[in-house]
Amino acid sequence: MKQNIDVYVNDQKISLYRGMKVKHALIAYDQSLYKAALDGEIRVEDANGFTVGIEGSLTDGSKIFTIATA
Amino acid sequence: MPNLKRGVFASSTARLLFLILMLLLPAMPLAASAALARQAEINLTILHVNDTHGHIIPYLDKSVDSARPVGGAEYLAKMVERERAANPRGTILLSAGDMFQGTPVSNLFHGKPLVEIMNYLCYDAMALGNHEFDWGQDVLQSIISSASFPVVSANVFERGGRRIRGVRPYVMLKRKGLRIAVIGITTPDTFYTSKPGNLTGLTFVHPEKVLPAIIRRVRAQGASIVVALTHDGVDADRELARKVRGIDIIVGGHSHTAIKDPVIESGTVIVQAGSNGIYLGVLNITFDRAKKKILSYTRKDELRLVSPASGAQLDPKVAQIVDKYEAQVKTEFSKVIGTAAADLTRDPTRESDLGDVVADAMREASGTQIAFQNGGGIRSDIPRGPITLEAVFTSLPFDDDLITMDLTGEQIRELLEKSVLSENMLQVSGIQIVYDLSKPAGAKAVSVEVAGKPMEPQATYRVVTNDFLASGGNQFNIFKKGRNISAGSPLRDAVADYIRKNSPINVQARDRIVFKN
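Sequence lines, in order, name chains S and R. Note that my numbering has the first sequence beginning at 1, numbered continuously upward. Note that my numbering has the second sequence beginning at 1001, numbered continuously upward.
Same shape as in the complex, but just chain S (with noise of 0.2 Å):
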């Protein structure tokens, strides 16, 4: 298995080791995003709309999307 993956967050591509999380990919992508899930500001939701958790695991051409709280 290769070292990388590539992951999408809202549309854009981002490029993580293999074993870092949903956390590492809002880093990557916005490091402000990372800090408005901790604030429960955005959450996180996957390719079929459902929430995951700042936690989650992610394969490679995963897609992940942030959505604004109310």
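Read the hints as simulated data drawn from the structure, not as lab findings. Misleading hints may appear alongside valid ones.
The list that follows gives simulated cross-link-like pairs (lysine-lysine, BS3-like), each with its CA atoms no further than 27 Å apart [said to hold, decoys possible]:
1) Lys-1444(R) <-> Lys-1481(R)
2) Lys-1243(R) <-> Lys-35(S)
3) Lys-63(S) <-> Lys-1243(R)
4) Lys-2(S) <-> Lys-1480(R)
5) Lys-1330(R) <-> Lys-1062(R)
Got chain S; can you put chain R on it based on the hints?
For chain R alone, kept in the frame of chain S given last:
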């Protein structure tokens, strides 16, 4: 007389009954077959959790509820009790792994509070998650031996193809005369998420290579329903359902996905209950014994929020277990683990005493040549005198883990040039830098030495950092270009161990980062 009268009455009643019987006779086969059909339909309830990560105390997760805490093992326990009462002979309780690591109340006792609660709740099976290996194989053995529930994983092997002691590939459960096979799966990505030393001698095989044979075996043993209890993430679960035939239900974990409405992939029902003990998954299914298939299952709103909101009932026995360990956390936090010979101060804009200690601890824990820690990740000073575990947690409040990698001298120089311009300067160990602030950006590091020798641009150096920086935090994107990546221990553990071994901590000026001009 009375007999005559009775005889007349009996005679007329008999005639009436005969007439009724004749009228009802054509309908009887239909009624009987409906009753038989009802007998053939079996209602089962599969309760499931995953990725609890030691969360047994209610906490505020603002993405779920901005004002009120969620979760709490004592509330979850009561919900389990209610579901069992609704289907006493037909309920099973499963965990898809990663139960223990993640909070002080669990970490400090290596998962014991969770094991006690799970034993009390009589879990029917738990899959091995990748974080079950975080404390090494000896601690895992201790957890397994104290668990009264089966721990399952079909794709993890020791040398020679043996199973880990106490871990079975599957468990066969019986409910209402049905056999239900629950097969465990552990993510093959475990090698990328755990310290290599914790996985010595272990092999993680891809699930699709082991499952077909096991499914054949359990079907031959009479399993009517096959449940894959997986810790591999929902994307991998979907792929598994596409590749492997014969899995009726996947109860998953690892991706922390709150699958509100069950997913169907190639005929397999896939569920997962978020993370951190916030949800209890409740999958009700109706199985047709004659047709040997699932007739119906919960299609909407499969997850129940665990909440201590007013009016919520709790299980007093579980509350007692939680309280017992919560009280012990305070004792553990107040224990002295070492001493500081002088104040250990932090400063994210330059080299600091505490920054040096943290970076030294990282290098010692990982055995690397160089360590880099973001200055902003150290949040409070440690005063001179006894050092408690609480002081370490207060100084390092983030759940960072160590990551080791190879970087070239050229890449390290690029990091150092970025660092000197950053508000969150890198704290270092194993490297000495002289910055000439009069030089232009990109050329300020006029001298860089590793172990007393000039750093070679083309040479490769083994470096440790934390996972925040390794994912490009604070714009240190060079860390994303490392090679030969390895996961390490939690940063706090590394620092606490360093303080235990090296006290009294001496804080002489080390001059690792020197400015001139």
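Would you mind confirming whether the straight-line C-alpha gap from Lys-1444(R) to Lys-1481(R) stays at or under 27 Å?
-> holds (22 Å)
Compare the distance between the alpha carbons of Lys-1330(R) and Lys-1062(R) with 27 Å, and conclude whether the hinted pair is satisfied.
-> Given that 27 Å is the threshold and the Cα spacing comes to 25 Å, the pair holds.
Agreement of Lys-63(S) and Lys-1243(R) with the hint, judged by alpha carbon distance not exceeding 27 Å = holds (21 Å)
Is Lys-1243(R) close enough to Lys-35(S), meaning Cα to Cα at most 27 Å?
-> violated (38 Å)
Would the pair Lys-2(S) and Lys-1480(R) pass a check requiring their Cα atoms to be no farther apart than 27 Å?
-> Holds, at about 14 Å.
Checked against the numbered hints listed earlier, the structure breaks hint 2 alone; every other hint is satisfied.
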